[in-house]
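Colleague: If you want the building blocks of each chain, they are given just below.
Protein chains: 2
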Amino acid sequence: MNIIEPLQIAIEELSKLPTIGRKTAQRLALYILKSDKDSVANLIKAVTDLKEKIKFCSVCFNLSVDDTCEVCKSPKRDKSIICVVEEASDVIAIESTNEYKGLYHVLGGVLSPLSGKGVESLKIAELVLRVNEPDVKEIVLALNPDTEGETTSLYLTRRLKPLNKRITRLPTGLPLGGDLEFTDHATVGRAILNRIEL
Amino acid sequence: MNIIEPLQIAIEELSKLPTIGRKTAQRLALYILKSDKDSVANLIKAVTDLKEKIKFCSVCFNLSVDDTCEVCKSPKRDKSIICVVEEASDVIAIESTNEYKGLYHVLGGVLSPLSGKGVESLKIAELVLRVNEPDVKEIVLALNPDTEGETTSLYLTRRLKPLNKRITRLPTGLPLGGDLEFTDHATVGRAILNRIEL
Chain A
11 MNIIEPLQIA
21 IEELSKLPTI
31 GRKTAQRLAL
41 YILKSDKDSV
51 ANLIKAVTDL
61 KEKIKFCSVC
71 FNLSVDDTCE
81 VCKSPKRDKS
91 IICVVEEASD
101 VIAIESTNEY
111 KGLYHVLGGV
121 LSPLSGKGVE
131 SLKIAELVLR
141 VNEPDVKEIV
151 LALNPDTEGE
161 TTSLYLTRRL
171 KPLNKRITRL
181 PTGLPLGGDL
191 EFTDHATVGR
201 AILNRIEL
Chain B
11 MNIIEPLQIA
21 IEELSKLPTI
31 GRKTAQRLAL
41 YILKSDKDSV
51 ANLIKAVTDL
61 KEKIKFCSVC
71 FNLSVDDTCE
81 VCKSPKRDKS
91 IICVVEEASD
101 VIAIESTNEY
111 KGLYHVLGGV
121 LSPLSGKGVE
131 SLKIAELVLR
141 VNEPDVKEIV
151 LALNPDTEGE
161 TTSLYLTRRL
171 KPLNKRITRL
181 PTGLPLGGDL
191 EFTDHATVGR
201 AILNRIEL
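Protein chains in written order, with the numbering used here: chain A, 11 to 208; chain B, 11 to 208.
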């Protein structure tokens, strides 16, 4: 006997999700099977709504329920700063710090020639248009500090430099509460090179 | 800015699933959001079908698309042996070994007075009826080797003994390919007590 078809299909679909292996997918499927109808209906509705109710902000490409996202709409945000991030999840990460009050621009990825991601597949032209506005004074490049993120930052710096706005980026260094001994070599090495005068 | 509502709700619903924490739920929700419509539709259909197409076998309470499951229907299975398991997932585990050719009986849990699971909440009366059939010669108790599983096995043994059928259970011992040093004390202790004459 094999696993019956509807269960088999559910396991296959669930194991396509990130971090979910076959064993976990089977566990999830059996859990769903044992859950009451209402819980399953809620789960299905939540996933459906995710796809149907959320779109991308027409200004900054952040997630939004309306045409323009909450950040772009808010009168409290500082419209002179644009923080450039790779993905909408980075906006969530920065917002949760409560330290940033400017606007965002979600690129939708990074330049990655090997996986065929070029300039035209990212929201770079849209960024250049926004930066050109006279209100904008500063662009914060907050891409991930990996090879592709740094390459993209370099490209954006060159592209935005002629517009004569202040361009900043997030510093790399030791994570707060971290431990020199257990921090990777590359991070420690870069921190020594970029040591700060006191 | 908080996380927008449909995303927030999806994260909450997904994090109700076993093994899925908030961080993973957010990752899954954002992944689903970025997936194309067809993939999401397939996922939703798979989960819906799981609940709508699968029922419990009227004989052994295994998962089934029909009134009677594949195992009970198969003419190839040995109808003289019934293997008693806690959950349908245990049937999948035993079937995947290809070593068992008899029938099953899924109890739907184990006796657990603390969480209010008594004899009437399990399919025990149904088991007794089945064991009473003259065709049945052996009952294999394949419950999990934990306190509740062992208590339930003990209860079932007492209950089935008067029916004068052969009652067996799965042996406990060292897992194949395991390592004495890294096997838990309880398993090694039990293995020493139950050592086998050569």
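Simulated from the structure, these hints should not be mistaken for lab results. Each hint should be verified, as a subset may be incorrect.
One copy or two, either will do: identical chains are not told apart, so a pair holds if it fits within one copy or between any two.
List of simulated lysine-lysine pairs, DSBU-like, C-alpha gap at most 35 Å [claimed, not checked]:
hint, residue 1, residue 2
1, Lys171, Lys61
2, Lys33, Lys133
3, Lys47, Lys171
4, Lys44, Lys83
5, Lys55, Lys65
6, Lys127, Lys44
7, Lys175, Lys47
8, Lys89, Lys26
9, Lys133, Lys47
10, Lys175, Lys55
11, Lys26, Lys175
12, Lys175, Lys147
13, Lys55, Lys147
14, Lys65, Lys26
15, Lys65, Lys33
16, Lys147, Lys26
17, Lys44, Lys171
18, Lys47, Lys147
19, Lys147, Lys133
20, Lys171, Lys63
21, Lys171, Lys55
22, Lys147, Lys171
23, Lys171, Lys26
24, Lys83, Lys33
25, Lys111, Lys175
Bear in mind that the values here come from a model prediction, so they are computed numbers and not experimental data.
Colleague: Now tell me if each hint is right for this structure.
Modeller: Taking the hints in turn, this is what the structure says about them:
{"no.": "1", "hint": "Lys171 - Lys61", "in the structure": "neither (37 Å within a copy, 57 Å between copies)"}
{"no.": "2", "hint": "Lys33 - Lys133", "in the structure": "between (38 Å within a copy, 27 Å between copies)"}
{"no.": "3", "hint": "Lys47 - Lys171", "in the structure": "neither (57 Å within a copy, 39 Å between copies)"}
{"no.": "4", "hint": "Lys44 - Lys83", "in the structure": "between (43 Å within a copy, 23 Å between copies)"}
{"no.": "5", "hint": "Lys55 - Lys65", "in the structure": "both (17 Å within a copy, 22 Å between copies)"}
{"no.": "6", "hint": "Lys127 - Lys44", "in the structure": "between (43 Å within a copy, 16 Å between copies)"}
{"no.": "7", "hint": "Lys175 - Lys47", "in the structure": "neither (56 Å within a copy, 39 Å between copies)"}
{"no.": "8", "hint": "Lys89 - Lys26", "in the structure": "neither (40 Å within a copy, 38 Å between copies)"}
{"no.": "9", "hint": "Lys133 - Lys47", "in the structure": "between (42 Å within a copy, 21 Å between copies)"}
{"no.": "10", "hint": "Lys175 - Lys55", "in the structure": "neither (45 Å within a copy, 50 Å between copies)"}
{"no.": "11", "hint": "Lys26 - Lys175", "in the structure": "neither (43 Å within a copy, 46 Å between copies)"}
{"no.": "12", "hint": "Lys175 - Lys147", "in the structure": "within (6 Å within a copy, 86 Å between copies)"}
{"no.": "13", "hint": "Lys55 - Lys147", "in the structure": "neither (42 Å within a copy, 49 Å between copies)"}
{"no.": "14", "hint": "Lys65 - Lys26", "in the structure": "both (23 Å within a copy, 25 Å between copies)"}
{"no.": "15", "hint": "Lys65 - Lys33", "in the structure": "both (33 Å within a copy, 22 Å between copies)"}
{"no.": "16", "hint": "Lys147 - Lys26", "in the structure": "neither (43 Å within a copy, 44 Å between copies)"}
{"no.": "17", "hint": "Lys44 - Lys171", "in the structure": "between (58 Å within a copy, 31 Å between copies)"}
{"no.": "18", "hint": "Lys47 - Lys147", "in the structure": "neither (53 Å within a copy, 39 Å between copies)"}
{"no.": "19", "hint": "Lys147 - Lys133", "in the structure": "within (19 Å within a copy, 71 Å between copies)"}
{"no.": "20", "hint": "Lys171 - Lys63", "in the structure": "neither (37 Å within a copy, 60 Å between copies)"}
{"no.": "21", "hint": "Lys171 - Lys55", "in the structure": "neither (46 Å within a copy, 49 Å between copies)"}
{"no.": "22", "hint": "Lys147 - Lys171", "in the structure": "within (12 Å within a copy, 85 Å between copies)"}
{"no.": "23", "hint": "Lys171 - Lys26", "in the structure": "neither (42 Å within a copy, 47 Å between copies)"}
{"no.": "24", "hint": "Lys83 - Lys33", "in the structure": "between (44 Å within a copy, 27 Å between copies)"}
{"no.": "25", "hint": "Lys111 - Lys175", "in the structure": "within (18 Å within a copy, 75 Å between copies)"}
Checked against the numbered hints given earlier, the structure breaks hints 1, 3, 7, 8, 10, 11, 13, 16, 18, 20, 21 and 23 and satisfies all the rest.
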